Each structure stands twice: as C-alpha cells, then as structure tokens.
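J.: What follows is each chain in one-letter form.
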Amino acid sequence: MATNKGRTSSFSRNFSAAPTSSIPGLKYGPNGTIFLSSGVPDLDKILGGGFHLGSLVMIMEDTEAPHHMLLLRNFMSQGLVHNQPILYASPSTNPRAFLGTLPTMLVSKDDRSRNTDAEQKDLRIAWQYKKYLGENKPHIEERDGKVEYCNEFDLRKPIEKHLIMGNRVECISLLDCSSLAGFRNSCSKFLSQLPRYDGNITSAGRIAIQSLCAPQCEYFDKEWDMLSFIRSLKSMVRSSNAVAFLTFPASLVSPSVSKRWQHLADTLLSVKAIPDEDKELANLLTGYQDMLGLLSVHKVARFNTQVPVILDATTYSIKLQKRRSLVLECLNQAPVDGSSGSSYGTSGSCSGSSKTGTLDF
Amino acid sequence: MDRPASFLDEALSLDDGDSNNLQPWIGRVVLVEDCVETNGAFVLHHLIKRFLSPNLSSSDSIVIFVAFAQPFSHYDRILRKMGCNLVVQRENKRLIFFDMLMLECPDDGVEDGIIALYGNIQKAVEAVSSLNKNITIMIDDISLLEVAANGSTKDVLDFMHYCHTLTTQFACTIITVIHEDIYSSADHFTLPLQMEHLADIKIKAEPLVTGLAADVHGQLTILNKGSSDGLGRWKSKIRNFHYRVKENSVEYFYPGGRT
Numbered sequence: 001m002a003t004n005k006g007r008t009s010s011f012s013r014n015f016s017a018a019p020t021s022s023i024p025g026l027k028y029g030p031n032g033t034i035f036l037s038s039g040v041p042d043l044d045k046i047l048g049g050g051f052h053l054g055s056l057v058m059i060m061e062d063t064e065a066p067h068h069m070l071l072l073r074n075f076m077s078q079g080l081v082h083n084q085p086i087l088y089a090s091p092s093t094n095p096r097a098f099l100g101t102l103p104t105m106l107v108s109k110d111d112r113s114r115n116t117d118a119e120q121k122d123l124r125i126a127w128q129y130k131k132y133l134g135e136n137k138p139h140i141e142e143r144d145g146k147v148e149y150c151n152e153f154d155l156r157k158p159i160e161k162h163l164i165m166g167n168r169v170e171c172i173s174l175l176d177c178s179s180l181a182g183f184r185n186s187c188s189k190f191l192s193q194l195p196r197y198d199g200n201i202t203s204a205g206r207i208a209i210q211s212l213c214a215p216q217c218e219y220f221d222k223e224w225d226m227l228s229f230i231r232s233l234k235s236m237v238r239s240s241n242a243v244a245f246l247t248f249p250a251s252l253v254s255p256s257v258s259k260r261w262q263h264l265a266d267t268l269l270s271v272k273a274i275p276d277e278d279k280e281l282a283n284l285l286t287g288y289q290d291m292l293g294l295l296s297v298h299k300v301a302r303f304n305t306q307v308p309v310i311l312d313a314t315t316y317s318i319k320l321q322k323r324r325s326l327v328l329e330c331l332n333q334a335p336v337d338g339s340s341g342s343s344y345g346t347s348g349s350c351s352g353s354s355k356t357g358t359l360d361f
Numbered sequence: 001m002d003r004p005a006s007f008l009d010e011a012l013s014l015d016d017g018d019s020n021n022l023q024p025w026i027g028r029v030v031l032v033e034d035c036v037e038t039n040g041a042f043v044l045h046h047l048i049k050r051f052l053s054p055n056l057s058s059s060d061s062i063v064i065f066v067a068f069a070q071p072f073s074h075y076d077r078i079l080r081k082m083g084c085n086l087v088v089q090r091e092n093k094r095l096i097f098f099d100m101l102m103l104e105c106p107d108d109g110v111e112d113g114i115i116a117l118y119g120n121i122q123k124a125v126e127a128v129s130s131l132n133k134n135i136t137i138m139i140d141d142i143s144l145l146e147v148a149a150n151g152s153t154k155d156v157l158d159f160m161h162y163c164h165t166l167t168t169q170f171a172c173t174i175i176t177v178i179h180e181d182i183y184s185s186a187d188h189f190t191l192p193l194q195m196e197h198l199a200d201i202k203i204k205a206e207p208l209v210t211g212l213a214a215d216v217h218g219q220l221t222i223l224n225k226g227s228s229d230g231l232g233r234w235k236s237k238i239r240n241f242h243y244r245v246k247e248n249s250v251e252y253f254y255p256g257g258r259t
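Read top to bottom, the protein sequences are chains A and B. The first sequence lines up with residues 1 to 361 when you count with the numbering used here. The second sequence lines up with residues 1 to 259 when you count with the numbering used here.
Hints listed in this document are in silico derivations from the structure and should not be mistaken for laboratory results. Accuracy of the hints is not assured; some may be wrong.
Stated by the list, open to error - The list that follows gives simulated cross-link-like pairs (lysine-lysine, DSBU-like), each with its CA atoms no further than 30 Å apart: (1) B:Lys154 - A:Lys222; (2) A:Lys299 - B:Lys81; (3) A:Lys299 - B:Lys202; (4) A:Lys299 - A:Lys222; (5) A:Lys157 - A:Lys45; (6) B:Lys81 - B:Lys154; (7) B:Lys225 - B:Lys237; (8) B:Lys81 - B:Lys202; (9) A:Lys45 - A:Lys272; (10) A:Lys45 - B:Lys237; (11) B:Lys49 - A:Lys299; (12) A:Lys319 - A:Lys45; (13) A:Lys322 - A:Lys279; (14) B:Lys225 - B:Lys49; (15) B:Lys235 - B:Lys225.
Unchecked claim - Negatives, chain B to chain A, calculated, CB over 12 Å: (16) Ser13; (17) Ser129; (18) Ser152; (19) Ala171; (20) His179; (21) Ala214.
Computed from a predicted model, the values in this text were never measured in an experiment. The beta-carbon is built from N, C-alpha and C at its ideal position, and this holds for glycine as well.
Just chain A, with the same shape it has in the complex:
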C-alpha cells in the first residue's frame, strides 16, 4: 500500500499578512483575489473575507420567509456606503421604491463612548478646552481616519436620502423583460464601466438581482434562457470588477435546473425559515426564540486555487441583535433532557451532511 509521501509541502498563505487595500471597501485576499464586503460582518468572517471580486453569489430563497431580503439589503447598503455603483433588478413594478427600505449604518453607542474615553484621558490636563472640541466632531463614518471595510447596518432605520438620490443605483424591473436579452444588455453596459485590470483597481460595482426566477416574470418557463443568462452574467462579472448577488426561489424551478444554477454559482448560500412554535427545535437548540431563520453555506468561491473551503460549520442561525443588526451565530445544541429517554438522531455538530432531511444542520 503505497502512501503518497511527496517531498512537496503544502503551505497556505497567512491571511493577516496580506496588505490592506487603499481603496475603501476592497480588501486583498490570497491567491491574487480581492474581496468585497457582504455588508454582514459575520458573513464576511465565515466566507474568509467577503465576496470575491468577479464572483457570482447565489442565495437560495425559502418561499416561506423573506430572509434573503436581509442579506440583499445589507449587500446594497454596503455598496452605497462605499460609493460603489449598483445595478438592482427585481420582479416588482417599481423597484426604486425598495431603495427606501435599505438600512442605514449602525452607529453603536460603544464606539462613541470609547472615543470619548480616549478623549478624556488625553485632555485630562486641558479639561477646560473640551467644550470647544466635542461639538465639532464629524459623524462617525471613519474610524482612525479610515473607511471601514465592513459596516454594521441598523435595519430599523432607513438609509440617508442623499445616498440613494440621483443615478447612483440603476433600477430595473424584471417584469418589463419579456426575454432576458434586454436585461443582459443592461448588465453588460453596467459592467463595461468596471473592466478588470490586473493592476490598480479604481472602483468596484455591485449587481443585485432579487428573485430572478419569480413566477410572475414572462420568461419564467424558459429555463434554458435563464440558464444562458446566468452563464453569461457569470462570465461578464468574472472579467470585471464587480460582484453579482442573485437570489432565487430554488423550489420553484425543477430540481435538475436548480442543480445547474447551483453549479453555476461561485458562492452558494441558502436561507431557511424557522417555524415559530416548534417545540422540537426549541428543545434542540439554545436561543431558539431569538432565531429568525437558518443560513447555510454550500459553496465558497475558489478562484486561482483547487483547494475547497471546508467550514467548521455550514449552518448558522440568523438573528437580529438588539432588534436592529443582522448577526449569524453558530448553532448550539441545548443540554439534552436526560429524563426524556429519546436521543436526537442527528448529532449536534454543524458540519455539512450529504443526506437531506427537514432538520438537517
């Protein structure tokens, strides 16, 4: 039995050693890739930095709950905060109205108190001059003079009007598209202003498509047209400085077409609803009452490398921290009640399993 004891060693790059980009909102990753923030700090951490520039991100929706909208909103708000051009498409008659529901950046009280503490320490001697300084502090958009790569968003408050004014966000209604050819041309035009250079990146853009295969769209029954569109979108995005974020209700297309969509995605996530009063789940998980839903990571983009990303956990719970900001938490199994006598068949570990079931995480 020959074992492969090659003399070649396998070494992986140290993430933290990568230089930080000077362009706000972009970060260098390993293997010559560049990351864009998803707008959810926990998701960036899970994916190892964010969304790869040039990748196609897909979210499989759950038709019973709109959790994919939380991710979509954060994704778009993050782009607006970083002044990145955005193309938004949705199957509604007035997609521009959706922009009013985008969340604003979260200004946490902790930050403010932390800064004032530092101030108080430095100005202990010159305390009488504090009154001249406090009021003129700029709105906390920058920390240490640097724009944050990823911000937290307050889902209760709408985004500042000036950020969605004008032509910063291009909105397209998918209901107007009898075939996807016109939409494809719009995407192509949008991406042509963001060509990919191997040298200096000057700007990055975002394409956000909501519910691409919604049944009310005229092209809904043309499965091969939709696949063809996704394939060309993927190729176009790959050769440009943009990230395409696409949600689709996977259960509404046939299983084999859904699999084809999944194969086309570079990064694939899915969201699932949690029933409100499920006693079984409440017994199985801690913190069940606060959970909105479950997020599963099926595939993470692998550019310029053949090594797959194996996460410690592939399923996370979606929660709203303090009812306003989106957090993703690992699932924790609640202590098993010894008196019940029954053992839960699936183990509490969160590594992905190839078998499908209703409570599979």
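Starting from the known structure of chain A, arrange chain B on it as the hints suggest.
T.: This is chain B only, laid out in the frame that chain A set:
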C-alpha cells in the same frame, strides 16, 4: 523525478509501476463526474500536469483545452503552484487553449455554433497530428456546453460523437467533466448515459457518506473498463479511495489510512 506512484495514476493505468517511464494514453475517452459538494476539477489539473510534464517516455503530449467553466488565468495560477507553467506551454504550442466562457449560440444557430467549435478542435488536431505527438482534448465541462447550446442535448451528443471519431482517426484522448447530480433528478438521462457508454475510464468524485470534512475532501471511484495486462487479456477494475486536495498536489489514501 523519482517519486512513488500515486493511487490515481495507478488506477488510471498511467503508471506501469516505474514512474520514470510513464505510459501515456492513446485514444481513450475519460469521463470525470462530480457534484456541487465535491468539485472534480482537481482531476483535470492533475492530468494536465501529467501530460505536460517532461517525464513522458514517448514523445511529448499536446493538450487541447476547451474551457467553459473558468478563464485561463485560473488554471494558470493553479498549475503554476503544481510546477507547470501554462503560459510557457502555450507559447511552445504544447497547450492550445480555447476560452469558451462567452460562447453564445443564437437560438436558431445552435447547430452552427457547435459545428464551428468542433471545426476549431479538428483543425487544431490536424495541425499537430503530423508531429507524431500524443494529443489530449479536455473539455471543462460538458454540462456548461449544454447550457451554451441552449439545452440542445442532441447537438451536444453529436459534438461528442464527432470528437470520438478523432480518437480513432488521430489517436486522441478525450477527457470531459460532467456534473452527474444535475441528471440524477431529471427524466432525461441521455447525456450522462451516452457519455458513460463512450467512456473507457470513469472517475467519480463524491463526498463521503458522512459528509464533508477538513481531512478528507471526498472519495474517488475509478472504473477502468479495459485495461490490458499486456498478454491480450482485458479486465476492468474498480478502485475507490479517499482524497484530500492541497494547493500543489492531492493526497490519496485508503479509508483510515491517512498518515
């Protein structure tokens, strides 16, 4: 390079026990099957490196790569970590790369588009056939070719059958990747069935029954239909082992045999 044989090379009859004397394939059809959880591209990378390495005993190999899935830069960076420079190979005409990411066949012109693609491949093969080298055609991947052909399985199958004629005419080897989980839930099994029928060697990458893990990325099952043992007898063999993909190589081991 004196290296112990790897399970994969042995299972594929690429290696007759002496790694200094690698036997290339002649006129074989190889099918790589994978799924969403386990991507089978690493098998292609391994084979590219094998065919473009200077170790082959007989004359050099030429690789014709038809890429639907990833751009050239992606393969270049991966193979560079494995010690193979695709840019140089392309300049030396040992690698002919067709970037088909943007191939669009208009609705009524699917057949023409596919015929044009086949024409390009055949021209490339004929151009190098006189040089008496082993020619390998790699297609990554055939499920995307179906999408490019707007779902016309008939045209894709015709294309594959035409490519198959090249194996007999020019002694090419054809290696394709197919995503078998797309077809397992469909009514139309035509494409994977025909491909499996054509293939001499089938390599299937799938996750372990217990799921994915950091130490073991999946399992490979290799069905080698007709391996001659040199005495005129043909026997088929099935091999199964686990693998773990690293940046510059892949580790293969029997279940539980990980060192």
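J.: Confirm or reject each hint.
T.: Hint check results:
no.: 1; hint: B:Lys154 - A:Lys222; verdict: 18 Å, holds
no.: 2; hint: A:Lys299 - B:Lys81; verdict: 23 Å, holds
no.: 3; hint: A:Lys299 - B:Lys202; verdict: 25 Å, holds
no.: 4; hint: A:Lys299 - A:Lys222; verdict: 26 Å, holds
no.: 5; hint: A:Lys157 - A:Lys45; verdict: 25 Å, holds
no.: 6; hint: B:Lys81 - B:Lys154; verdict: 39 Å, violated
no.: 7; hint: B:Lys225 - B:Lys237; verdict: 7 Å, holds
no.: 8; hint: B:Lys81 - B:Lys202; verdict: 26 Å, holds
no.: 9; hint: A:Lys45 - A:Lys272; verdict: 20 Å, holds
no.: 10; hint: A:Lys45 - B:Lys237; verdict: 45 Å, violated
no.: 11; hint: B:Lys49 - A:Lys299; verdict: 26 Å, holds
no.: 12; hint: A:Lys319 - A:Lys45; verdict: 16 Å, holds
no.: 13; hint: A:Lys322 - A:Lys279; verdict: 24 Å, holds
no.: 14; hint: B:Lys225 - B:Lys49; verdict: 23 Å, holds
no.: 15; hint: B:Lys235 - B:Lys225; verdict: 7 Å, holds
no.: 16; hint: Ser13; verdict: 16 Å, holds
no.: 17; hint: Ser129; verdict: 31 Å, holds
no.: 18; hint: Ser152; verdict: 9 Å, violated
no.: 19; hint: Ala171; verdict: 29 Å, holds
no.: 20; hint: His179; verdict: 5 Å, violated
no.: 21; hint: Ala214; verdict: 5 Å, violated
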